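These protein sequence lines map, in sequence, to chains R and F.
Quick note: the first sequence, position 38, residue 38 per the numbering used here, numbers continuous.
Quick note: the second sequence, position 458, residue 458 per the numbering used here, numbers continuous.
These are computed hints drawn from the structure, not numbers from a lab.
Heads up, some of the hints might be wrong.
[As the list claims (entries may be wrong)] Just the calculated beta-carbon pair ranges, DEER-fashion: (1) R:I54 to F:K107: 55 to 65 angstroms; (2) F:A515 to R:F30: 34 to 44 angstroms; (3) R:I54 to F:S159: 43 to 53 angstroms; (4) R:W38 to F:W29: 40 to 50 angstroms.
[To be verified] Think about it this way: if two alpha-carbon atoms lie no more than 20 angstroms apart in a straight line, the pair counts; the simulated EDC-like pairs of lysine to aspartate or glutamate are: (5) F:K107 to F:D506; (6) F:K315 to F:D166; (7) F:K107 to F:D377; (8) F:K219 to R:E35; (9) F:K315 to F:E213; (10) F:K228 to R:E35.
Here the structure is a predicted model, which is why all the values come from computation and not from measurement.
Beta carbons are placed, not taken as given, at the ideal position from N, Cα and C, and that holds for glycine.
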Amino acid sequence: MTDSHTNRGGWRWWHLLFVIQFVAVLWPPFYNSIEPRWIGIPFFYWYQMLWVIISAVVTAVIYLVTRD
Amino acid sequence: MQDVNWVALTIFVLLFGLITWLGFAAAHWRRGDLDLLHEWGLGGRRFGTIVTWFLVGGDVYTAYTFIAVPALAFGAGAVAFFAVPYTIVIYPFLFLVFPRLWNVCRKHGYITSGDFVRGRFGNRWLALAIAVTGIVATMPYIALQLVGIQVVVGALGISGTGIAADLPLIIAFAVLAAFTYSSGLRAPASIAIVKDILIYITAFAAIIVIPIELGGFGKIFAAVPTQKLLLAVPGPNTTGAYGSYATLALGSALALFLYPHSLTGILSASSSHAIRRNAAMLPGYSFMLGLLALFGFFAIAAGVGKLPEYAAGFKQFGNNFAVPALLLHSFPSWFVGVAFAAIGIGALVPAAIMSIAAANLYTRNIHREFINSNPTDRHESQIAKWVSLIVKVGALVFILFVPTEYAIQLQLLGGIWIIQTLPSVMLGVYTRWFNDWALLLGWACGIGTGTAMAIAVNLKSAYPLALGSWTFPGYIAVYTVILNLVIAAVLTPVFNALSARRAPVDQTAAADYLA
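Whole structure, please, built from the sequences with the hints as guidance.
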């Protein structure tokens with residue numbers, strides 16, 4: 001991680017965190033099911049909505065730790 | 001059609017009056033010399049994090065989206081939810097690629113993606129291809145925004161014959177054209193703030209009130225036919241609905257920020273930090289879009305499709321009438337006025353930005369490059385203002401005289417076309433490795449193959465790609481941009497070896513891409 005400071009504005013290892021949300025939402029077999037429901041909402045729907053929030057938090061974290 | 005809803009209509013007209021005033025007053029906001037193209041067409045690159053959030057949000061999550069995504073859920077079910085993964089995976093691209101593009105554009109005064117490609121690869125024909133693709137892909141998009149206005153105007157009970165039927169749309173467009181001409185990008189930026197407040201009020205009121213009226217989410221989802229609730233599980237030797245769902249999300253995400261209007265919104269930000277912060281903040285809209293997609297199911301559960309008072313609306317507008325019917329069914333008239341105004345104004349914001357973006361492209365990459373290479377600043381901004389008018393009139397004529405279906409099909413093709421600019425623009429931000437003519441050929445093959453594939457499947461978005469005994473149904477844009485990339489990569493060393501001339505000069509330096 002030492003070179004992350006010398007590499008201003010370029011590639012950083014933190015950016016690999018973005019891969020998680022790609023895998024989580026672009027692989028439908030993970031979430032194409034009704035159960036478990038949450039307040040009556042099938043898993044398919046609340047899982048993807050939850051990932052909107054997780055991805056926003058992950059992006060915010062990446063922004064904060066990579067900010068110059 | 002039902003009777004005119006006077007209370008809702010009054011609120012609707014009042015709110016439209018408010019934003020009309022705002023659109024003209026915006027000329028004085030963060031005042032700049034509107035005779036300069038970057039002031040008129042990019043708001044002087046002076047929008048901070050919050051204004052950029054509203055502007056890009058108003059740009060990406062359009063009125064048509066708010067009508068069409070729930071309509072798809074209403075008609076086809078789970079597949080409509082691809083809008084959620086789509087609006088999740090766009091933000092890593094926004095975070096990584098576009099701050100670099102912002103930096104280089106700021107440094108060199110680039111206003112369009114064509115300007116950047118011209119500077120980076122030194123090939124005006126490649127820049128022309130980028131500009132024409134952008135303009136052609138944007139036109140049907142503007143036309144679709146008008147469909148959003150048409151649906152809510154129809155739902156307010158206004159109907160007529162001949163010219164009277166189209167009058168509300170023509171008035172709305174005259175207003176839009178006038179304030180865009182006079183205030184440039186400042187108009188949609190200021191209106192976007194009002195529009196989004198209305199949209200958020202509508203969405204949150206609906207997500208709380210309607211499930212209570214309908215007896216909870218359990219009952220709502222129980223009313224949806226089971227085969228619509230989930231994606232169909234793929235059969236043997238195919239990736240089936242899974243493949244098309246994922247590629248549709250990914251391809252739409254890759255295409256989104258290549259659209260001229262998205263880029264205009266991004267380039268008008270005041271710093272690359274504002275863009276990065278927005279990558280974390282814009283998912284707020286994605287969440288709302290997910291809620292709105294559920295409105296399609298609310299409409300099924302409320303049974304609006306079977307109520308006689310909405311039969312005429314569904315007959316005229318098809319499933320696009322689902323959300324207006326649901327709102328009419330669930331809310332008092334005054335709130336319907338607010339909600340419909342949100343959708344109507346939500347059409348004007350992106351339509352204004354799209355016409356400005358198309359005008360910037362024409363002015364910089366066609367007019368200045370091929371017609372008059374040395375215009376004065378005033379002349380340049382004047383051309384852009386006129387082109388923004390022509391583009392809007394074109395969209396209006398299209399929607400008045402051509403069936404809506406064609407606009408939808410052209411918009412689908414537009415997505416397949418615009419993604420073909422990815423190697424030059426998004427990869428160009430990282431590398432100058434590609435040969436400019438190889439990029440142009442890759443672009444041409446992508447456009448040609450994509451159009452042919454779309455026609456082969458009767459203008460649907462997914463093509464069943466057969467490889468051996470397996471079938472991979474997937475979004476045509478993804479398949480053809482891969483082909484485009486392969487061709488550009490294979491031809492690059494070939495063209496470099498064949499060509500005795502030195503590669504054209506790259507105006508940009510590595511440091512220009514960093515803050």
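Checked hints:
1. R:I54 to F:K107: 55 to 65 angstroms: With Cβ atoms ~35 angstroms apart, the hint is violated.
2. F:A515 to R:F30: 34 to 44 angstroms: With a Cβ separation near 37 angstroms, A515 of chain F and F30 of chain R satisfy 34 to 44 angstroms, so the hint holds.
3. R:I54 to F:S159: 43 to 53 angstroms: holds (46 angstroms)
4. R:W38 to F:W29: 40 to 50 angstroms: Check passed, 43 angstroms falls within 40 to 50 angstroms.
5. F:K107 to F:D506: Roughly 14 angstroms separates the two Cα atoms, so the pair holds.
6. F:K315 to F:D166: holds (18 angstroms)
7. F:K107 to F:D377: Between K107 of chain F and D377 of chain F the Cα gap is close to 18 angstroms, so the pair holds against 20 angstroms.
8. F:K219 to R:E35: holds (15 angstroms)
9. F:K315 to F:E213: With a Cα-Cα distance of about 26 angstroms, the restraint between K315 of chain F and E213 of chain F is violated, given a limit of 20 angstroms.
10. F:K228 to R:E35: holds (15 angstroms)
In this structure, the earlier hints numbered 1 and 9 are contradicted, and the remaining ones agree with it.
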